[in-house]
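Colleague: Taking the hints into account, I'd like the entire structure generated from these sequences.
Sequences listed follow chains A and B, in order.
Following our numbering, the numbering of the first sequence begins with 307 at its first residue and continues without gaps.
Following our numbering, the numbering of the second sequence begins with 186 at its first residue and continues without gaps.
Think of the hints as simulated: they come from the structure by calculation, not from any bench.
All C-beta atoms, glycine included, are put in the ideal place defined by N, C-alpha and C.
Errors might be hidden in some of the hints.
[Claimed, not checked] Estimated spans, in silico, between C-beta atoms of each pair:
id, chain 1, residue 1, chain 2, residue 2, range
1, B, Lys568, A, Gln434, 37 to 43 Å
2, A, Leu393, B, Arg610, 35 to 41 Å
3, B, Glu395, A, Asn318, 24 to 30 Å
4, A, Glu332, B, Arg274, 51 to 57 Å
5, B, Glu395, A, Leu323, 56 to 62 Å
6, B, His276, A, Ala374, 49 to 55 Å
7, B, Arg274, A, Ala408, 54 to 60 Å
8, A, Ala374, B, Glu564, 31 to 37 Å
9, B, Arg610, A, Cys399, 38 to 44 Å
[To be verified] The list that follows gives simulated cross-link-like pairs (lysine-lysine, DSSO-like), each with its CA atoms no further than 27 Å apart:
id, chain 1, residue 1, chain 2, residue 2
10, A, Lys432, B, Lys588
11, A, Lys310, B, Lys588
12, B, Lys301, B, Lys288
13, B, Lys288, B, Lys245
14, B, Lys629, A, Lys308
15, B, Lys588, A, Lys331
16, A, Lys331, A, Lys310
17, B, Lys588, A, Lys360
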Amino acid sequence: MKLKQLSLFLENRPGQLVQAAQALKEAGVNILTLSLADTEQFGILRLIVSDWEKGKRALEAHQCVVNAADVAALEVSDRPGGLAEILGIIEECGINIEYMYAFTFGRDGKAILIFRFEEVDEAIAKLQARNVNVIGSVELFELSGGR
Amino acid sequence: MSLHQTTFAPYKTQGPEFAIENRIWDADETLPRAELEALQVERLRDCVGRAAAVPFYQEKFRENNITLSSVRSLDDLKRLPFTTKQDLRDHYPLGFLAVTRDKIARVHGSSGTTGKPTFVAYTHDDLALWSNLCARFLYAGGLRSNHLVHIAFGYGLFTGGFGLHYGVERVGAAIVPAASGNTERQIMLLKDLGADALVCTPSYALYIAEVAASEGIDPRDLPLRYAHFGGEPWTEDMRRQIEEDMNILAFNNYGLSEIIGPGVSGECAARRGMHFQEDHFIVECLNPDTLESAGEGEAGELVITAMTKQAMPIIRYRTRDIASIDRSPCPCGRTSARMSRVLGRTDDMLIVRGVNLYPSQIEEALLRVEGAAPHYQIEVDRKGNLDEITVRVEMRARDFSDKMREMAHLRDRIDREVQHITGLRMHIELVAPQTLERFVGKAKRVIDHRPKATL
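Modeller: This is how it looks when you write it as structure tokens:
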């Protein structure tokens, strides 16, 4: 049920982000969501794309430094307290979060959050045992309108 | 040696509000050339005799059939072997000692291309000589026994602090041994104690002026009147700027630990180059490729023989410093040749904030962090008035992590190793693979934006 996320190393100079976006455009790979972490000196762009293997090849062909990591997409209630609730469960399960970011779409009053855990398989098993809906890549792709 | 206070030429360096009178510290500075050269031959022979106690020289002398009788004139210097920094490193830590260890009075060191320093040793006589040599250029540049000198050089293995300290003491002046760092405190000391003279690197002087100004203190209002700068190459433009910014007269001096430290040469009040202390050091100016003498006034590599040092006599040391030698008479009355400012290096050594830095040190630090040397580039800039170093290190795909924590950790580990090996703080920047310029043949590891001296 885990997802592949692509991460890109970005230097802090103009044109870095454009180059990556161009590579994905040429390969016809759609970006479902992204998050950008930046420091004074460099940035890390994290992407969930329609076809991660194709996306990785395209980015590498453009001299980008890319790696693929397993993340979990969790469904939460799209209402006040939704995030607090899921974070509460994660804490109770004793799971460490490396980082997280949100999807821009949801369904039926639900939102989707992407989590990077230290031990993703273990985390997913624990969360499913607590009835958290962990969304797989196919489902996610459909959710995003199959774009 | 006795104190001679004869005024030779009526030469005075006009400072903003005062003049530095031309005075000579000791009589050997004005030996007629013929006498000076005869003394050099005598001392060179003595040096060769003592150097034979050093296994390195013993072997070189045997290979080249050199005996004491080989040294009859200064021309015979050409027959003697060269000594390089690598030779000193190969005999780490003190393989160049010409005396037994119990005769050593002090050890200093300079940073080398690796994590280990190159050590130099002094006997008590060497220390007395060193103090006197520093006293000569300090006195030539205005120091008098009633002055107060602020020394902002590091006191430690680096020869700058202790060398100048004992030179000032030799002249009989008072010292504020401020050492390096904590610029706000330096300014407080300069202001409150009212030192007449400042001793540090020229770039640090500019930095002091800048910090003072930012604290609302006009550096021109500090009681300072003159300064003796060394430890790094600088330019005439910088001299003008410092003199203007601080309302002082600035003098240049030169030295390197392998020879003795500061005191190898220094400016007189005429400021027409740095008087080479030829009664103790023989200087050659050679084309670094052919090792033939550079033409009169032409720039070349300085090769120096330290004839009178007891603990570590050094024969024909390849300094890697490029400068020119002027043998025309100086109006000050000293008979010694004068060297120009250091114009460059024959290797890729940089001097940053007075500290020697070799690009290979960065390479070694990276090897420790990553297991192999990735591509890197060093950029040196003078921001405000302080040298700043940026090291760009190319990422390798397998070192890249999507976790910021791990990336920061990688950067921090590089930072720590670089500081550990070089003793300098630098900005470490991670860059994408294949982004640093590649050059056919020699890699361009260093981009130095600092202004350079010219002939």
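Colleague: Going through the earlier hints one by one, which of them does the structure break, listed in rising order?
Modeller: 1, 5, 14
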